[in-house]
Amino acid sequence: MRPRGRTRRATLWVALMMSFALVVAACGDDDAADTTAATQAPTTTAAPTTTAAPGTTVAGETTTTTTTQAPATTAPAAPREMVFATSVGAPSLDPYNEISDARMRRSPLMYDALVDWTNDFGVSPGLAESWEYDGNILRFHLREGVVFHNGAPMTSADVVYSLGKILESPGSGFYSQIVNVTATDDFTVEVEVSAPSDALLAALGGRYAYIVPEGAVEDYDLAVTAVGTGPFMVDEFAQGEFLRLTKNPSHWRSNEVGLDVLTIVVVPDEASIAAGLRTGEIDAALFEDARIADLVEGTEGITVFEEVAARWDILDFPAFDVEPWNNTKFRQAIVAAIDPSAVMALAINGRGTLLGGHPPALWASLPYEDAPYAAQNLELAATLLAESGVDPATPLKLISIQGYGALNSSAEVIADQLGDLGLNVEIEVQELGTWIDSFLARGFDTFTMNAWGGWIDPDMVYFNHLHMLPDGKDFRKWDNQEVSDLLDEARGTTDRATREALYIQIQELTAEEVPWFPLYSANFVGAYGDNVGNWGVHPSGYYHDLRWVTVSG
Amino acid sequence: MGSPHRTDEARLEPTHPIRTRLRAVRRVLAEEPLLTIGILISFIMLLIAIFPEFFATYDPRDTDALAPLQGPSTAHWFGTDTLGRDVYSRVIHGTRTSIAVSGISVGFALLVGSTLGLISGYFGGFVDQLLGRLMDVVFSLPALLLAVAIAGVLGPSVRNAIIAIGVVYTPHFFRVARSGAITMSARPFVMASRLIGARHRRIVIRHILPNVSALLMVQTTVSFAYAILLEASLSFLGLGVQPPNPSWGSILNEGRPFLQLAGWMSIFPGLMILLSVLSVNLVGDTLRDRWDTSQGSG
Amino acid sequence: MSLIPGSVISQLVDQAAGSDPEKLAEMEAFLGLDRPWYAQLGSWLANVVQGDLGNSWRSRIPVADLLGPRLMVTLQLSAMATVISSLVLGIPGGLIAAAYKSRWPDSVVRVVSLLALSVPVFWMGSMLILVFSVWFNWSPPLTWVSPFEDFGANMRMMILPAIALGLAGAAPLVRMTRNSILEVMGQNYIRTARSTGATEGRIRFRHALRNAIIPVVTSAGLQFGFLIGGAVVIEEVFSLPGVGRLLLQAISQRDFPVVQACVLTIGIFLIFLNIAVDILYAYLDPRIKLGD
Numbered sequence: 001m002r003p004r005g006r007t008r009r010a011t012l013w014v015a016l017m018m019s020f021a022l023v024v025a026a027c028g029d030d031d032a033a034d035t036t037a038a039t040q041a042p043t044t045t046a047a048p049t050t051t052a053a054p055g056t057t058v059a060g061e062t063t064t065t066t067t068t069q070a071p072a073t074t075a076p077a078a079p080r081e082m083v084f085a086t087s088v089g090a091p092s093l094d095p096y097n098e099i100s101d102a103r104m105r106r107s108p109l110m111y112d113a114l115v116d117w118t119n120d121f122g123v124s125p126g127l128a129e130s131w132e133y134d135g136n137i138l139r140f141h142l143r144e145g146v147v148f149h150n151g152a153p154m155t156s157a158d159v160v161y162s163l164g165k166i167l168e169s170p171g172s173g174f175y176s177q178i179v180n181v182t183a184t185d186d187f188t189v190e191v192e193v194s195a196p197s198d199a200l201l202a203a204l205g206g207r208y209a210y211i212v213p214e215g216a217v218e219d220y221d222l223a224v225t226a227v228g229t230g231p232f233m234v235d236e237f238a239q240g241e242f243l244r245l246t247k248n249p250s251h252w253r254s255n256e257v258g259l260d261v262l263t264i265v266v267v268p269d270e271a272s273i274a275a276g277l278r279t280g281e282i283d284a285a286l287f288e289d290a291r292i293a294d295l296v297e298g299t300e301g302i303t304v305f306e307e308v309a310a311r312w313d314i315l316d317f318p319a320f321d322v323e324p325w326n327n328t329k330f331r332q333a334i335v336a337a338i339d340p341s342a343v344m345a346l347a348i349n350g351r352g353t354l355l356g357g358h359p360p361a362l363w364a365s366l367p368y369e370d371a372p373y374a375a376q377n378l379e380l381a382a383t384l385l386a387e388s389g390v391d392p393a394t395p396l397k398l399i400s401i402q403g404y405g406a407l408n409s410s411a412e413v414i415a416d417q418l419g420d421l422g423l424n425v426e427i428e429v430q431e432l433g434t435w436i437d438s439f440l441a442r443g444f445d446t447f448t449m450n451a452w453g454g455w456i457d458p459d460m461v462y463f464n465h466l467h468m469l470p471d472g473k474d475f476r477k478w479d480n481q482e483v484s485d486l487l488d489e490a491r492g493t494t495d496r497a498t499r500e501a502l503y504i505q506i507q508e509l510t511a512e513e514v515p516w517f518p519l520y521s522a523n524f525v526g527a528y529g530d531n532v533g534n535w536g537v538h539p540s541g542y543y544h545d546l547r548w549v550t551v552s553g
Numbered sequence: 001m002g003s004p005h006r007t008d009e010a011r012l013e014p015t016h017p018i019r020t021r022l023r024a025v026r027r028v029l030a031e032e033p034l035l036t037i038g039i040l041i042s043f044i045m046l047l048i049a050i051f052p053e054f055f056a057t058y059d060p061r062d063t064d065a066l067a068p069l070q071g072p073s074t075a076h077w078f079g080t081d082t083l084g085r086d087v088y089s090r091v092i093h094g095t096r097t098s099i100a101v102s103g104i105s106v107g108f109a110l111l112v113g114s115t116l117g118l119i120s121g122y123f124g125g126f127v128d129q130l131l132g133r134l135m136d137v138v139f140s141l142p143a144l145l146l147a148v149a150i151a152g153v154l155g156p157s158v159r160n161a162i163i164a165i166g167v168v169y170t171p172h173f174f175r176v177a178r179s180g181a182i183t184m185s186a187r188p189f190v191m192a193s194r195l196i197g198a199r200h201r202r203i204v205i206r207h208i209l210p211n212v213s214a215l216l217m218v219q220t221t222v223s224f225a226y227a228i229l230l231e232a233s234l235s236f237l238g239l240g241v242q243p244p245n246p247s248w249g250s251i252l253n254e255g256r257p258f259l260q261l262a263g264w265m266s267i268f269p270g271l272m273i274l275l276s277v278l279s280v281n282l283v284g285d286t287l288r289d290r291w292d293t294s295q296g297s298g
Numbered sequence: 001m002s003l004i005p006g007s008v009i010s011q012l013v014d015q016a017a018g019s020d021p022e023k024l025a026e027m028e029a030f031l032g033l034d035r036p037w038y039a040q041l042g043s044w045l046a047n048v049v050q051g052d053l054g055n056s057w058r059s060r061i062p063v064a065d066l067l068g069p070r071l072m073v074t075l076q077l078s079a080m081a082t083v084i085s086s087l088v089l090g091i092p093g094g095l096i097a098a099a100y101k102s103r104w105p106d107s108v109v110r111v112v113s114l115l116a117l118s119v120p121v122f123w124m125g126s127m128l129i130l131v132f133s134v135w136f137n138w139s140p141p142l143t144w145v146s147p148f149e150d151f152g153a154n155m156r157m158m159i160l161p162a163i164a165l166g167l168a169g170a171a172p173l174v175r176m177t178r179n180s181i182l183e184v185m186g187q188n189y190i191r192t193a194r195s196t197g198a199t200e201g202r203i204r205f206r207h208a209l210r211n212a213i214i215p216v217v218t219s220a221g222l223q224f225g226f227l228i229g230g231a232v233v234i235e236e237v238f239s240l241p242g243v244g245r246l247l248l249q250a251i252s253q254r255d256f257p258v259v260q261a262c263v264l265t266i267g268i269f270l271i272f273l274n275i276a277v278d279i280l281y282a283y284l285d286p287r288i289k290l291g292d
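Chains as they are written, first to last, in this note's numbering: chain A, 1 to 553; chain B, 1 to 298; chain C, 1 to 292.
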């Protein structure tokens, strides 16, 4: 029958491809084997040293990785395990090259930084026991007796090496005030800065600012393993699937660490996370989509919680150079016509906070009630629109970003609400890459949805975005001298009260002039079983607090 | 699938005048109830696609903060989605997008595939070798995988989804047209036309094309059914029609996270796809039996 | 690749950090993206021929390391779906249709297989999840388990996706089996067998099935390849860590070495599958010799 005819054609065609394919297949396998061996080499060398070094301090604990052994003399009866679920996996674990938020969330479990973050965005001692500004010198006094996962003791040489890597990372912008780093002795590091800054100190507490042993970037494949001083060590990392961590028994706060094994599983379908929580396969989870929490809300033995977050979704006006967007009354009219509570209700199921300025998770935030146009006022909006002199029939384009469900939902509600004011809004959803390129190039000629977060200091919310060129990026082409002066003034001092007053002033200005309209700050929504204790969520969303979680039963 | 050189001759024989054909169509319809059902449903789908406003009960983009995720009721037959929009009206309006995208894609594939196929089969030689190999490569990869890769690399949009689906189905038309052209070129009257110096274009259009058109029509029907499925898959994966525009696949995409919370967002658009693809398949299957062309799955 | 809107660079550079153009240029040069697309493609192909699939742009992990374990998931899924679509659905369905040719079971089989052909694979998957999770409280294991490690857990995870995928592949096999049987039943040797007084059942299973099954087996083999395509979307629906999900993830991250490697690997696999099917066909059918 048929295949007979095709045999000849296929053989002809296949003969052409075959030599090529064979080469690829054969070499491909070899190569795969080689690279796995290469990536595993450092891990396997690391393992014996880890078990050897802490053997002097905590003998019994070192067997935790091999769970089959049960000496039962010093080790607890059963390892305390927790399964934590999220729908977002880290592409790699590399602390200096991986830019995804998912990696940054996981890093504090495996690495320590010079300072640690408190939940109100202050800093507390980390690998540095204390520090002080001495003119333009920021001096860190390092903790002694800290050991890396590979057994090497941590000294100032490691910190100097790591800071070098941090300054080469894609996040180097956070650390741009650093001029020079020197070690004055084994446990003292001096960082020369261009000007004393609170923001820099906070930046040294996370994101890229992790400390590795000297030479680690060259000696280990930090994309798939971790060599830090953190409270957990990598047992297995399966990209896109799970990250299994075991307790680091020689950590300087190991008596506060509540878990022997922490497994972070990546479950892309969040409904499955809800199901896993109900069956007990999952102990705790954070949801990306707040609505999923409804699936477990009210289930016995499961607690659903919300926690404020340092992130926001805003309506952005990055086109101050074109009509009608340069018309302040027109922007105010648009803002006054929008009901942010309805937007929040539909976009994130109401699980968020309404905003006047930046989110209250970060200090010095302006309350919703104090922003003049934030609440919906259709009458005011109609008056402002009439005063602006802009023809309501002008077709408007609202840009949103692909893959951002909450932004797209918000955009549709906003378009619908602006329709009530008589405006004619079409939504255009752009691909993320295209959107970022236009935004960075200041190329927008209409309004757009925007979302970002991850600040650890108010300076990060405003400086790049609103400061005039060339110091800031002024993405909105606002070109505002007043706000630039205020931002400079806030950068020039480390006094918290003065800075607080300045940032409130900046927010009052943005609430009046509306270069953007903060819609809401989506809370972190999560759930955990009754057996989980002592868990909170840091407003950055990073997993700092998983370090101290306990499980029972 | 088969080698076209020998097997296709029998299929291309009959060329009836129009009136005889009409009579034959009537007889076929009476004999094949499934075909009649298929044509009927297809016709209704077409009406929905052309006049969605007539069938819809709400504006498909009207949000309602007070009624998100409500189950099917007399007010909202298919329930409401996360933004309180009427799922029934969105499915109705999505019909146009889904059918238009699939239709344009298949039209693209028909035009490009059959043109290249006719050229390839008629002239043979190097052009035939080159095009044939190229089409074999495209044909040998699974349709969905290829479409996902093309749409993904070009970037998610309706236009790129059309290109992706069109490219995937081009080889199907190429093969049909090419085998027809080869068979017909060997016919005495075509050879005669060539000998008396008729232009190639005239020969292809006047003599060859009419004789492969029936097969191309069957292929169009079959491909159209697959194209609807492919468009739905791409949009479901977020690589096709983008929100806020509704298409069956993009509504399913929006409903996916809420499968267990709001199953109606997933059930009804899927049923609509099933119904429309089934109707086209009923037509295509009968036609295929009648003309006995054997094409594999796509 | 010049067609790609937005580049991986803009995704790699941290937005909040404020990306300066120098950094962008530096990273482009590092990844080789400052060269024209044909030069990029050329050097990629040159590396592939040497067995180097390159590193993921996004995570810098070797592509081969990412692809290896995921390929196993996809192959297992497609293999199970092939078995379901041929042995469980296609061949029995075709046999029934052929045995009752032009009677009601034939029509029922035809309509059902047309229905199966018309269902979107991913929607069938969603409906299975809906039914099984709501009615039977079914939930799969959270992470993928190899069948050699824990067969039960693996099946719990794979059986529903395989059924959804297998249904989609069954229709052509039903048709193939039915037509093949009917063709064989009309052959001379069957008539000969009948004239020797063999029972109808014996004829059907001893003579007809044995010969009719040959093209069915080969087309089931080819079906395997097409089911790999369907696996892309089914993996996404059931959250299985296979090549399909890797491909979609790579697409959303504009990680082109991974996209190219996924398509290439499956393409090469299909070429080998075709060879295997051709050899199998020649082996099963004594009338065909290799090298014909």
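Just so you know, the hints here were simulated from the structure itself, not pulled from any lab data.
The structure displayed is predicted, hence computed values, not measured ones.
Where is the CB? At the ideal position from N, CA and C, for every residue including glycine.
Incorrect hints may have been included.
As the list claims (entries may be wrong) - Computed from the model, here is a short list of chain C residues facing chain B with C-beta under 10 Å:
no., residue
1, Leu45
2, Phe122
3, Met124
4, Leu248
5, Ile251
6, Val259
- Query: Checked against the structure, which of the hints given earlier come out wrong?
  - Reply: Checked against the structure, the only hint that fails is number 1, while the rest are satisfied.
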